[in-house]
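K.L.:
Based on the sequences and whatever the hints tell you, model everything.
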Amino acid sequence: QKEVEQNSGPLSVPEGAIASLNCTYSDRGSQSFFWYRQYSGKSPELIMFIYSNGDKEDGRFTAQLNKASQYVSLLIRDSQPSDSATYLCAVRRGAGGTSYGKLTFGQGTILTVHP
Amino acid sequence: DTGVSQNPRHKITKRGQNVTFRCDPISEHNRLYWYRQTLGQGPEFLTYFQNEAQLEKSRLLSDRFSAERPKGSFSTLEIQRTEQGDSAMYLCASSLSPGGCTFGSGTRLTVV
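Protein chains in written order, with the numbering used here: chain A, 1 to 115; chain B, 1 to 112.
Possibly wrong hints are sitting among the right ones.
As the list claims (entries may be wrong) - In silico lysine-lysine, DSS-like type, Cα no more than 30 angstroms apart, as pairs:
#, chain 1, residue 1, chain 2, residue 2
1, B, Lys71, B, Lys11
2, A, Lys2, A, Lys56
3, B, Lys57, A, Lys2
4, B, Lys11, B, Lys57
5, A, Lys2, A, Lys42
6, A, Lys67, A, Lys2
7, A, Lys56, A, Lys67
8, B, Lys14, A, Lys42
9, A, Lys67, B, Lys57
10, B, Lys71, A, Lys2
11, A, Lys42, B, Lys11
Read the hints as simulated data drawn from the structure, not as lab findings.
P.N.:
Now the structure itself:
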């Protein structure tokens, strides 16, 4: 089992719709959760992070975390063609232990928003 | 300071040669990470520094890979006796706190 799993997609949504991206993780010691966006040929850029169960909203983006289910999601409202990219989920263990620093990434989900 | 800087952007090398990449993190960031990414995959963790101390190295990483961060500033990643399987994008990232990290543009390595 991979440490962080994402559906590779591609996920295709029409412009203006809500895009829902999902991620599951295996390490129950994970405490911090991140969503990165990566355009083709570019490096990943941080969109959002979430530490606590529940929802966190930032503009058109909402991150949702359910630690009991080991599940993280990213919702993109009013999707735009410029949102077309690969979305990477990443997790980090909590304090304590040598694994504290690194982020472990999923393989990413390709999102295509069509006009 | 405009972000994480990596050099070179591209490197083509013959199999068996040694290569070295450089990363200059955001100046106030004390944490520095090296990742490797191949097409269709997420970044794979290689190693991590806090200041000059190398705190973790991937158990999957060959002994041909070594990284340094003298004086807690820039970092270098060296690959000895390169193999075709080493062809990938090598990404450096830095962060100040245990939050998300900022990535550089990467060094694309092609081993022929």
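K.L.:
A separate judgement is required for each hint: does it hold in the structure or not?
P.N.:
Hint-by-hint comparison with the structure:
{"no.": "1", "hint": "B/Lys71 with B/Lys11", "verdict": "26 angstroms, holds"}
{"no.": "2", "hint": "A/Lys2 with A/Lys56", "verdict": "26 angstroms, holds"}
{"no.": "3", "hint": "B/Lys57 with A/Lys2", "verdict": "19 angstroms, holds"}
{"no.": "4", "hint": "B/Lys11 with B/Lys57", "verdict": "23 angstroms, holds"}
{"no.": "5", "hint": "A/Lys2 with A/Lys42", "verdict": "24 angstroms, holds"}
{"no.": "6", "hint": "A/Lys67 with A/Lys2", "verdict": "17 angstroms, holds"}
{"no.": "7", "hint": "A/Lys56 with A/Lys67", "verdict": "14 angstroms, holds"}
{"no.": "8", "hint": "B/Lys14 with A/Lys42", "verdict": "25 angstroms, holds"}
{"no.": "9", "hint": "A/Lys67 with B/Lys57", "verdict": "27 angstroms, holds"}
{"no.": "10", "hint": "B/Lys71 with A/Lys2", "verdict": "35 angstroms, violated"}
{"no.": "11", "hint": "A/Lys42 with B/Lys11", "verdict": "17 angstroms, holds"}
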